[in-house]
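Peer 1: The residues making up each chain are set out below.
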Amino acid sequence: MLLSTLNLNHFLLLSLWLLLCGFLCIFRKRNAIGMLIGVELILNAANLNLIACSYFIPSFRLEGQIFTLLVIVLAAGEAATALAIILAFYQSHGTVDVDQGTELKG
Amino acid sequence: MELDETLFYLIAIPIAVLALIIVFTTHIVRAAIWLLFTLIGTAFLYFLLDAAFVAASQLMIYVGGILVLLIFAIMLTNQNPLNRLPISKLDRGFSILFVLFLGLGISVALYNSPVISGNGQNKTNTDSSSKKSEDQDEKNSSLSNDQISEIGTSFFDLNSKIPSQPMPGFPEGFKVNRKLPPRTNQGYLLPFELISIHLLVILIGAAYLARAKYNKNTENVSPSDTME
Amino acid sequence: MIKFLADFPAPYGDIVYYLLFAIILLSFIAFSVMFFIWLERKLSARMQDRLGPTRTGGKFGWLQSLADTIKLLTKEDTKPALADGVLFYLAPYVSFAASFAAFLVLPLGSKMVGYSLPIAAFFMLSILSSEVFGVILAGYASAGKWSLFGGIREAAQVVSYEIPRGICLLLPVLIAGSFDLTEITSAQSGPFWNWFIFYNPFTFIGFIVFFICITASCKRAPFDLAEAESELVAGFHTEYSGLRWSFFFMAEYASMFAMSALASILFLGGWHCGLIGGDEVTAFGSIGYLLNLICLVGKSWFLIAVMMWMRWSLPRIRIDQVMMICFKYLLPISCFLLIGDALWLLLFPTNWQIYWQYAIAFTMIFVKLSTILRLFTSSNTTQPGKLPGAWQNLETPLMYQKLHHNVKQQLASPLTQPSQSASD
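Sequences listed follow chains A, B and C, in order. Our numbering applies: residue 1 is where the first sequence begins, and numbers increase by one. Our numbering applies: residue 1 is where the second sequence begins, and numbers increase by one. Our numbering applies: residue 1 is where the third sequence begins, and numbers increase by one.
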């Protein structure tokens with residue numbers, strides 16, 4: 001499919017919107033899993049950015065897709081580790097509220 | 001309105017709205033479900049942008065893997081889904097302010113960058129490369145099988161098709177260090193191997209962290225002990 | 001019709017055109033689901049020495065499914081008081097949309113495909129794996145213990161079985177050198193020994209592993225842990241009624257059909273009938289297209305019938321056994337098969353390839369024919385300690401003999417504690 005009327009700006013703006021929503025999501029949630037959802041949104045914004053660039057910038061065609069694949073795989077790893085940490089935190093504290101994790105405060 | 005533009009807005013507007021709902025909802029399971037639809041919508045955008053393999057990977061890994069894991073964790077940790085965890089007013093104001101500044105900064109940077117101010121690709125490229133980009137467009141327009149095998153082979157250092165000219169949008173003086181020995185076959189074998197090892201470490205680490213601890217030491221430690 | 005559509009403004013004509021095909025496909029799926037339900041009732045009835053539906057619509061109860069549909073449509077649409085409203089109403093549609101979207105790239109014959117995607121096989125797996133979300137949502141939103149158990153079991157099961165399923169998918173993809181289902185099928189054109197199931201021993205075992213995995217991911221018995229009637233009432237759809245419940249049912253049967261069609265395209269020659277030398281369309285002209293359609297649909301229906309056969313002959317297994325089968329057996333086997341398949345492609349001499357295909361194909365035909373022959377010539381009574389039917393002269397496997405022995409001992413002395421092996 002050849003995009004005729006769309007250009008990079010559309011996708012970059014959508015990606016920017018997703019990035020800002022992700023940041024806001026991290027700031028506004030005290031639930032650790034909610035913060036993880038924000039991280040996923042940010043990674044998604046980055047992926048969309050990369051794919052849009054891979055389509056509209058010819059010399060970036062392969063790299064964009066490969067970087068996105070790497071990001072997706074790393075995101076899977078990140079989610080698994082983060083959820084394992086959250087579960088361990090829940091086992092020891094009985095909550096997922098990140099404000100309760102203050103033992104290491106200096 | 002052309003078909004592709006219609007399709008873009010049909011997907012992009014729900015994505016944007018759902019992302020906003022994710023931010024402001026306090027119901028954590030619903031946030032995960034709206035994230036599911038955001039991810040599916042992004043995968044559709046990848047299809048629109050001719051990246052079918054990445055889109056299918058996104059559906060497979062994000063939707064079929066990460067989100068299932070996420071909901072699993074929510075069900076394991078949330079005894080009461082309606083348990084709201086409000087943040088303080090100071091935090092709320094600070095977050096809005098930070099995000100506004102960030103958005104403003106990135107918008108200004110985008111507006112000044114050569115990629116976006118030229119309104120697309122054709123004007124940013126020099127004359128010599130615009131002809132090449134048309135060729136690339138033709139290649140893009142037909143969904144070819146080569147694109148997928150290109151991705152696959154480049155992970156194994158077997159690809160020689162990687163373009164060597166500098167990327168548009170970068171300043172003139174920006175050059176790769178040419179002192180390195182010239183290689184005919186460039187690829188992504190190193191990141192591929194690194195990610196494999198990384199995933200193995202994650203597998204072991206996550207299994208170690210999340211295992212149920214039934215030994216005596218953790219049972220004796222009460223929450224009040226750990227708080228001190 | 002096409003002429004009429006040409007009068008529409010540019011994009012909308014296409015949209016109407018595609019919508020039309022979507023509606024045709026949807027009604028095809030709905031009608032085949034009705035047929036499968038009737039078939040399942042008749043098959044299960046025959047296997048349990050019953051008659052099944054006999055009255056509605058003539059001698060064989062043809063219209064039983066239609067009557068069921070009318071009954072479902074008129075049922076009251078209820079929602080538990082504690083249920084999460086939005087998610088409860090959303091869940092069936094998520095489930096159905098995911099399994100219906102797989103038909104977008106599924107070719108039902110040569111050139112009979114909604115959208116010819118170069119990664120169609122991978123896309124089908126990925127879109128069908130998001131069907132699990134409807135089940136998890138239903139389990140969560142119903143606000144009941146049984147539903148939640150069903151949802152969590154389903155999530156664990158489907159995510160686990162995705163891995164061996166994806167690896168087994170790679171076996172034919174390696175041989176054909178493409179993810180495109182049309183190319184995979186055209187690589188298997190010609191007589192039946194060209195089918196990928198007979199290509200080498202690894203694909204032969206790979207088909208069996210793939211079939212077990214798709215049975216598990218369609219949550220059919222013996223893997224129907226998510227809706228185990230005897231322990232979880234009905235699992236994730238306990239609280240659903242009427243039309244929403246039927247959407248879950250449609251999703252299950254539609255994904256069964258999609259998966260069986262995928263399996264027959266990958267391993268069983270797709271839409272080639274396997275009896276003539278070349279492609280049907282070049283041989284018979286436009287009748288060839290119809291023949292293609294009949295072949296593919298027939299093969300998938302056969303695989304669905306095998307799934308039903310398995311459902312009514314095997315008991316349900318426990319969730320730890322489901323996980324153990326996946327991670328301890330199917331995953332290592334499928335990894336071994338992938339490596340073996342790749343080595344075979346690299347090392348096996350191409351001159352001998354066709355003889356191997358002859359050998360395994362005709363051996364399989366011989367085994368099947370002799371089994372059927374024994375089935376018809378066997379005596380109607382079963383000897384003690386021997387297997388029934390086609391296997392009449394074989395000993396009962398040791399495991400079951402031991403079980404029988406323990407049960408007999410228990411019956412003889414009911415006061416003693418039940419031994420460990422009997423409860424296994």
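Because the hints were derived from the structure by calculation, they are not lab data. There's no promise every hint is true.
[Unchecked claim] Some, not all, of what chain A presents toward chain B, calculated at C-beta under 8 Å:
1) LEU6
2) TRP17
3) PHE27
4) ASN31
5) MET35
6) VAL39
7) ILE42
8) ASN44
9) ILE66
10) THR68
11) LEU70
12) ALA79
[Said to hold, decoys possible] Partial pick of chain A residues on the chain B-facing surface, computed with a CB cut under 7 Å:
13) LEU20
14) CYS21
15) PHE23
16) CYS25
17) ARG28
18) ILE37
19) VAL71
20) VAL73
21) GLY77
22) LEU83
23) LEU87
24) ASP97
25) LEU104
C-beta atoms are modelled at their ideal positions from N, C-alpha and C, and glycine is treated no differently.
Peer 1: Next, verify each hint and record whether it holds.
Peer 2: Quick rundown of the hints versus the structure:
Interface restraint check for A/LEU6: the shortest CB-CB distance to chain B comes to about 6 Å, inside 8 Å, so the restraint holds. The beta carbon of A/TRP17 comes within 5 Å of a beta carbon in chain B, closer than 8 Å, and the hint placing it at the interface holds. With its C-beta approaching chain B no nearer than about 3 Å, A/PHE27 sits inside the 8 Å limit, and its interface hint holds. With its C-beta approaching chain B no nearer than about 5 Å, A/ASN31 sits inside the 8 Å limit, and its interface hint holds.
Look at A/MET35: its Cβ only gets to about 11 Å from chain B, farther than 8 Å, so that hint breaks. Hint status for A/VAL39 relative to chain B: violated, with the closest Cβ pair at about 11 Å, above 8 Å. Given hint, A/ILE42 at the interface with chain B, is violated; its Cβ is 11 Å from that chain's nearest Cβ, farther than 8 Å. Hint on A/ASN44 holds. Least Cβ distance to chain B is approximately 5 Å, under the 8 Å limit.
For A/ILE66, the interface hint holds, since its Cβ comes within 8 Å of a Cβ in chain B; the closest pair sits about 6 Å apart. With a least beta-carbon distance of about 5 Å to chain B, the hint placing A/THR68 at the interface is held under the 8 Å criterion. Below 8 Å, beta-carbon pairs count as interface contacts, and A/LEU70 has one with chain B at about 6 Å; its hint therefore holds. Given the 8 Å rule on beta carbons, the hint for A/ALA79 holds: about 5 Å separates it from the nearest Cβ of chain B.
The closest approach between the C-beta of A/LEU20 and any C-beta of chain B is roughly 5 Å, which is under the 7 Å cut-off, so the hint is satisfied. The beta carbon of A/CYS21 comes within 4 Å of a beta carbon in chain B, closer than 7 Å, and the hint placing it at the interface holds. Interface hint status for A/PHE23: upheld, as the beta-carbon distance to the closest one in chain B is roughly 5 Å, under 7 Å. Because the smallest distance between the Cβ of A/CYS25 and any Cβ of chain B comes to about 5 Å, under 7 Å, the interface hint for this residue holds.
For the restraint placing A/ARG28 at the interface with chain B, the shortest Cβ-Cβ distance is roughly 6 Å, inside the 7 Å limit, so the hint holds. Residue-level restraint check for A/ILE37 holds (minimum Cβ-Cβ distance to chain B is 5 Å; threshold 7 Å). Hint status for A/VAL71: violated, given a least beta-carbon distance of 10 Å to chain B, over 7 Å. Annotation: interface hint on A/VAL73 holds; nearest CB of chain B at approximately 6 Å, less than 7 Å.
For the restraint placing A/GLY77 at the interface with chain B, the shortest Cβ-Cβ distance is roughly 4 Å, inside the 7 Å limit, so the hint holds. Interface restraint check: A/LEU83 against chain B, minimum CB-CB distance 4 Å, threshold 7 Å, status holds. Nearest Cβ of chain B to the Cβ of A/LEU87: about 5 Å, under the 7 Å cut. The hint holds. For A/ASP97, the suggested interface contact is upheld, since its CB lies about 5 Å from the closest CB of chain B, less than 7 Å.
The restraint placing A/LEU104 at the interface with chain B is violated, with a minimum CB-CB distance near 11 Å, outside the 7 Å limit.
In this structure, the hints that do not hold are numbers 5, 6, 7, 19 and 25, in rising order.
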